[in-house]
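Enquirer: The residues making up each chain are set out below.
Protein chains: 2
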Amino acid sequence: MSPDIETLIQKISRLPGLGPRSARRIVIHLIRNREQSLEPLLQNMDHVFKNVQVCPACFNIDTFSDVCSICSDKKRRQDVICIVENVADLWAIERTSCFGGQYHVLKGLLSSLEGQGPEFLMLEELQKRCHENSVTEIIIALSATVEGQTTEHYIKSFFKNKDIKITSLARGIPVGGELDYMDDGTLFAAFSARG
Amino acid sequence: MSPDIETLIQKISRLPGLGPRSARRIVIHLIRNREQSLEPLLQNMDHVFKNVQVCPACFNIDTFSDVCSICSDKKRRQDVICIVENVADLWAIERTSCFGGQYHVLKGLLSSLEGQGPEFLMLEELQKRCHENSVTEIIIALSATVEGQTTEHYIKSFFKNKDIKITSLARGIPVGGELDYMDDGTLFAAFSARG
Chain H
489 MSPDIETLIQ
499 KISRLPGLGP
509 RSARRIVIHL
519 IRNREQSLEP
529 LLQNMDHVFK
539 NVQVCPACFN
549 IDTFSDVCSI
559 CSDKKRRQDV
569 ICIVENVADL
579 WAIERTSCFG
589 GQYHVLKGLL
599 SSLEGQGPEF
609 LMLEELQKRC
619 HENSVTEIII
629 ALSATVEGQT
639 TEHYIKSFFK
649 NKDIKITSLA
659 RGIPVGGELD
669 YMDDGTLFAA
679 FSARG
Chain U
489 MSPDIETLIQ
499 KISRLPGLGP
509 RSARRIVIHL
519 IRNREQSLEP
529 LLQNMDHVFK
539 NVQVCPACFN
549 IDTFSDVCSI
559 CSDKKRRQDV
569 ICIVENVADL
579 WAIERTSCFG
589 GQYHVLKGLL
599 SSLEGQGPEF
609 LMLEELQKRC
619 HENSVTEIII
629 ALSATVEGQT
639 TEHYIKSFFK
649 NKDIKITSLA
659 RGIPVGGELD
669 YMDDGTLFAA
679 FSARG
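Listed in order, the protein sequences are those of chains H and U.
In this note's numbering, each number is its position in the first sequence, counted from 1, plus 488.
In this note's numbering, each number is its position in the second sequence, counted from 1, plus 488.
If you're looking for bench data, these hints aren't it; they were derived computationally from the structure.
Every value quoted in this text rests on a predicted model; they were computed, and no experiment measured them.
One or more of the hints may lead you astray.
Which copy? The list can't say, so a pair holds if one copy fits it or any two copies do.
Stated by the list, open to error - Derived pair list, reagent style SDA-like, types lysine to any residue, alpha-carbon separation capped at 20 angstroms:
1. 538 with 524
2. 595 with 641
3. 538 with 512
4. 595 with 627
5. 595 with 525
6. 644 with 511
7. 538 with 527
8. 616 with 651
9. 595 with 522
10. 653 with 619
11. 538 with 528
12. 499 with 512
13. 499 with 652
14. 499 with 531
15. 644 with 564
16. 499 with 534
17. 648 with 629
18. 650 with 529
19. 653 with 517
20. 499 with 576
21. 595 with 520
22. 595 with 513
23. 499 with 579
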């Protein structure tokens with residue numbers, strides 16, 4: 489194997505979810521299907537990564553010219569903003585089509601371990617945007633982890649005395665979940681929020 | 489999500505071993521680590537796929553100028569040729585460093601289901617090469633599957649009346665394998681080839 493191919497396998501094996509074995513399979517697949525699989529992939533990658541940028545309004549990552557496709561979509565509600573941790577979470581919510589408002593994408597959650605302070609939340613920018621668009625509700629859609637909860641509390645206290653309703657996703661039994669497999673925290677949350 | 493990114497995710501999810509979820513993770517990782525992870529990967533891919541070619545002697549796929557690095561390595565034995573199904577198998581054998589001769593890489597195994605006939609084995613080319621390099625042994629290193637065995641028989645009958653020793657990899661209990669987990673075929677092969 490030439491050093492070029494070896495380096496390529498190494499680089500691909502460092503992508504999330506992949507290892508040396510799967511990287512080798514992918515490289516062999518790409519080499520074998522050069523015309524059908526590789527050339528279009530390379531062009532597509534090149535195009536996306538030359539055009540991708542962070543939306544100045546909601547910090548979503550997308551390919552666009554001015555603001556991102558969600559911010560520029562006039563059919564979406566302008567008065568509700570949903571706070572998500574990252575673009576993956578935004579995509580997950582968009583796939584369900586259950587939310588038709590705007591987003592605010594954090595750079596990360598508050599985490600003293602990883603040195604992520606309040607500047608990762610860009611709440612001043614969010615506050616300014618809320619004021620300009622007369623936002624009435626902010627939905628906090630963060631993971632139910634320690635970092636997610638800490639961040640949620642911080643955001644709630646930041647918007648405490650402002651005239652905006654702050655809500656967060658319901659905690660409870662996931663759809664299809666069996667009771668005796670649930671942990672104590674989930675059961676407790678499901679009982680407290682019963683209705 | 490812009491259509492560009494969606495197409496990219498689709499293309500990546502079609503690579504072997506990946507699905508839509510892992511493709512999304514990879515794309516987000518690449519977008520986020522544009523300088524460190526993406527630019528070098530793109531350059532590397534582009535370089536490899538512009539330079540990769542099939543070796544005219546052994547049909548190995550590699551980046552080289554004249555013949556592949558194995559064929560041009562004068563330290564390797566010229567009188568032993570190992571037949572492998574594909575480049576992945578060649579790489580696997582090279583990783584163990586247990587073989588120091590030449591290779592002959594098939595385009596595929598004989599398979600009537602997939603319409604792969606004897607032209608996939610390129611045995612005339614192999615025979616010519618054996619003659620030119622006065623090869624004394626051909627090692628058949630094919631998988632112990634039905635297609636592998638059929639191909640092995642075909643190769644053996646092709647070289648029947650020529651003055652070349654044809655051997656194939658030993659069948660038996662894999663190292664670390666427990667007896668009571670072995671299938672009948674493996675046990676039978678291990679008993680027949682005991683020594």
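Enquirer: Each hint should be assessed against the structure and marked as holding or not.
Expert: Hints, one by one, checked against the model:
In this assembly of identical chains, residue 538 and residue 524 lie within 20 angstroms of each other by CA distance solely across copies; the values are 15 angstroms between and 22 angstroms within a copy. Taking the shortest alpha-carbon separations for residue 595 and residue 641, only the intra-copy value of 17 angstroms comes in at or below 20 angstroms, while the best inter-copy value is 61 angstroms. Proximity of residue 538 and residue 512 under a CA criterion of 20 angstroms is satisfied inter-copy only: 18 angstroms between copies versus 27 angstroms inside one chain copy. In the homo-oligomer, the alpha carbons of residue 595 and residue 627 lie at most 20 angstroms apart inside one protomer (17 angstroms), although the nearest pairing across protomers, at 57 angstroms, exceeds that limit.
Taking the shortest Cα distances, residue 595 and residue 525 sit within 20 angstroms of each other only across copies (19 angstroms), while inside one copy they are farther apart (33 angstroms). For a Cα distance limit of 20 angstroms, the shortest separation of residue 644 from residue 511 qualifies neither inside one copy, at 44 angstroms, nor across copies, at 34 angstroms. Taking the shortest Cα distances, residue 538 and residue 527 sit within 20 angstroms of each other both inside one copy (17 angstroms) and across copies (10 angstroms). For the homomeric pair residue 616 and residue 651, the shortest alpha-carbon distance inside one copy (13 angstroms) is at most 20 angstroms, but the shortest distance between copies (86 angstroms) is not.
Within a single copy, residue 595 and residue 522 get their C-alpha atoms only as close as 37 angstroms, which misses the 20 angstroms cut-off; across copies the closest is 15 angstroms, which meets it. In the homo-oligomer, the alpha carbons of residue 653 and residue 619 lie at most 20 angstroms apart inside one protomer (13 angstroms), although the nearest pairing across protomers, at 85 angstroms, exceeds that limit. Taking the shortest Cα distances, residue 538 and residue 528 sit within 20 angstroms of each other both inside one copy (15 angstroms) and across copies (14 angstroms). Proximity of residue 499 to residue 512 under the C-alpha cut-off of 20 angstroms is found in both arrangements, the shortest distances being 11 angstroms within a copy and 18 angstroms between copies.
Taking identical chains as interchangeable, the C-alpha atoms of residue 499 and residue 652 are never at most 20 angstroms apart, the minima being 46 angstroms within one chain and 42 angstroms between chains. In this assembly of identical chains, the alpha carbons of residue 499 and residue 531 lie at most 20 angstroms apart whether taken from the same copy (19 angstroms) or from different copies (11 angstroms). Taking the closest pair of Cα atoms, residue 644 and residue 564 never come within 20 angstroms of each other, the shortest separation being 24 angstroms inside a single copy and 70 angstroms across copies. Taking the closest pair of Cα atoms, residue 499 and residue 534 come within 20 angstroms of each other both inside a single copy (17 angstroms) and across two copies (13 angstroms).
Within a single copy, residue 648 and residue 629 get their C-alpha atoms as close as 18 angstroms, which meets the 20 angstroms cut-off; across copies the closest is 71 angstroms, which misses it. Taking identical chains as interchangeable, the C-alpha atoms of residue 650 and residue 529 are never at most 20 angstroms apart, the minima being 48 angstroms within one chain and 47 angstroms between chains. Taking the shortest Cα distances, residue 653 and residue 517 never come within 20 angstroms of each other, neither inside one copy (52 angstroms) nor across copies (33 angstroms). Taking the closest pair of Cα atoms, residue 499 and residue 576 come within 20 angstroms of each other only across two copies (18 angstroms); inside a single copy the shortest separation is 22 angstroms, beyond that limit.
For a Cα distance limit of 20 angstroms, the shortest separation of residue 595 from residue 520 across copies, 11 angstroms, qualifies, whereas the shortest one inside one copy, 39 angstroms, does not. In this assembly of identical chains, residue 595 and residue 513 lie within 20 angstroms of each other by CA distance solely across copies; the values are 16 angstroms between and 34 angstroms within a copy. When the C-alpha separation of residue 499 and residue 579 is checked against a cutoff of 20 angstroms, the pair qualifies only between copies, where the shortest distance is 17 angstroms, while the shortest distance within a copy is 26 angstroms.
The structure does not agree with the numbered hints 6, 13, 15, 18, 19 stated previously, though it agrees with the rest.
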